[in-house]
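Number of protein chains: 2
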Amino acid sequence: MEGGAAASTPAALPYYVAFSQLLGLTLVAMTGAWLGLYRGGIAWESDLQFNAHPLCMVIGLVFLQGDALLVYRVFRNEAKRTTKVLHGLLHVFALVIALVGLVAVFDYHRKKGYADLYSLHSWCGILVFVLYFVQWLVGFSFFLFPGAPFSLRSRYRPQHIFFGATIFLLSVGTALLGLKEALLFNLGDKYSAFEPEGVLANVLGLLLACFGGAVLYILTRADWKRPSQAEEQALSMDFKTLTEGDSPGSQ
Amino acid sequence: MEGGAAASTPAALPYYVAFSQLLGLTLVAMTGAWLGLYRGGIAWESDLQFNAHPLCMVIGLVFLQGDALLVYRVFRNEAKRTTKVLHGLLHVFALVIALVGLVAVFDYHRKKGYADLYSLHSWCGILVFVLYFVQWLVGFSFFLFPGAPFSLRSRYRPQHIFFGATIFLLSVGTALLGLKEALLFNLGDKYSAFEPEGVLANVLGLLLACFGGAVLYILTRADWKRPSQAEEQALSMDFKTLTEGDSPGSQ
Chain A
1 MEGGAAASTP AALPYYVAFS QLLGLTLVAM TGAWLGLYRG GIAWESDLQF
51 NAHPLCMVIG LVFLQGDALL VYRVFRNEAK RTTKVLHGLL HVFALVIALV
101 GLVAVFDYHR KKGYADLYSL HSWCGILVFV LYFVQWLVGF SFFLFPGAPF
151 SLRSRYRPQH IFFGATIFLL SVGTALLGLK EALLFNLGDK YSAFEPEGVL
201 ANVLGLLLAC FGGAVLYILT RADWKRPSQA EEQALSMDFK TLTEGDSPGS
251 Q
Chain L
1 MEGGAAASTP AALPYYVAFS QLLGLTLVAM TGAWLGLYRG GIAWESDLQF
51 NAHPLCMVIG LVFLQGDALL VYRVFRNEAK RTTKVLHGLL HVFALVIALV
101 GLVAVFDYHR KKGYADLYSL HSWCGILVFV LYFVQWLVGF SFFLFPGAPF
151 SLRSRYRPQH IFFGATIFLL SVGTALLGLK EALLFNLGDK YSAFEPEGVL
201 ANVLGLLLAC FGGAVLYILT RADWKRPSQA EEQALSMDFK TLTEGDSPGS
251 Q
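Taken in order, these protein sequences are the chains called A and L. In this text, residue positions in the first sequence follow this note's numbering: the first is 1, and each later residue adds one. In this text, residue positions in the second sequence follow this note's numbering: the first is 1, and each later residue adds one.
Since the hints were made in silico from the structure, they are not lab data. Just so we're clear, the structure is a prediction, and the values are computed from it rather than from any experiment. We put the beta carbon where it would ideally sit given N, CA and C, even for glycine. Hints may be right or wrong, so weigh each one.
Computed Cβ-Cβ distance ranges for the label pairs, DEER-style [claimed, not checked]:
| # | chain 1 | residue 1 | chain 2 | residue 2 | range |
| --- | --- | --- | --- | --- | --- |
| 1 | A | R153 | L | L137 | 38 to 46 Å |
| 2 | A | R153 | L | K111 | 55 to 63 Å |
| 3 | L | E45 | A | A33 | 40 to 48 Å |
Only chain A is shown next, with the shape it has when bound in the complex (with noise of 0.2 Å):
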């Protein structure tokens, strides 16, 4: 990081980013408490075996998925690559857990004879599972590796964002769903009665909501985003002379 480069980054922006981070750490610690206090724990041999999917995807498909997309607000100063790694591997880790999530509730459903993907939640749930799976890869390939040439990589980047963002706001809609799912398949007509585990997961809910808010806000401020950094800039000059000759505006 050069010495100077710090100063670039909004005041603001810090309290933002600590603030999401707190949400999002909340959030996981609540859906914690939830199965914890309500549901009997996790254990992966018993029929605790469901609890892991919840757990596996508000971590992984929520807090991790939210996270790499910040990671070209709160890494601003460091160079472009280490960025894009670490953003890659944060989504890499979120897809693995999204896996054991998902390997639990159909691990489940075999054990138990229910049957598989009939609910909006499940539907939700692998579309927004093979779209960001398409999403990496795509990603992988134009941005990482091998990676596509500069003028086809500026079309796409506002398309991975715009995608990125949407995939995120899907994945925590169908949290959302599968949370509902939960408190009416197991409290019933006790949902209302105000019972207090059906408070606490509507809280979780709404936690849930307001970490899609938050990483939204912080993803879409224009006067936050990556400064291009000089060197980039120079680079990106030269290869948009050699491959198009033309604008960055002219699409």
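Could you slot chain L onto chain A? The hints should help.
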């Protein structure tokens, strides 16, 4: 509209807008079909009063709210004030229709002796409604009447856009939660047997998510933003110089 201004509409934009409208109308029709075919239709003075709730919410807080956000992309060559009034009016229609939907469900609960506001869907719904009303009031007083000073408007505009999009997405998420709730209440175990009603409602849920995604895409594409008109730019500059005497990016 000026003769030459129409040429500034991006070539692909009308197709994306048409697609979003097709999605929006399909999801309103499908909500009607679901309620008509499987839930006995709609009537105010009977048990069917509940069914006014999902229909009003999908028309008001999803379709009309979404379309209100697109007004600045669609009417890009009209006078700014005309577009602004249309944006505000569409939101008023959406609010009034949503209020009817809200009265329907509270009235139905009261008649049946059901508890209010215990579920995650209801918590999110009330949050959406309050935020939407506050956003409308603040937007109206800043941008229409009495109107805020130019410097304040410029600072508030990005927040207005961010919170507008967020409230819209939360509306879509709340609709998904409500749909899920209705399915689990009404279908119970039959949901996992792939009953036609369950499949239709799942498709409706996916359409809701797609409509949210389509509106967000049109709204956030940088090269589709409404261009500032020449006279507005000149006026802005005058105001800016008079009130602040600094550059637009100095905040």
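> Which numbered hints turn out to be false for this structure?
Replying inline: none
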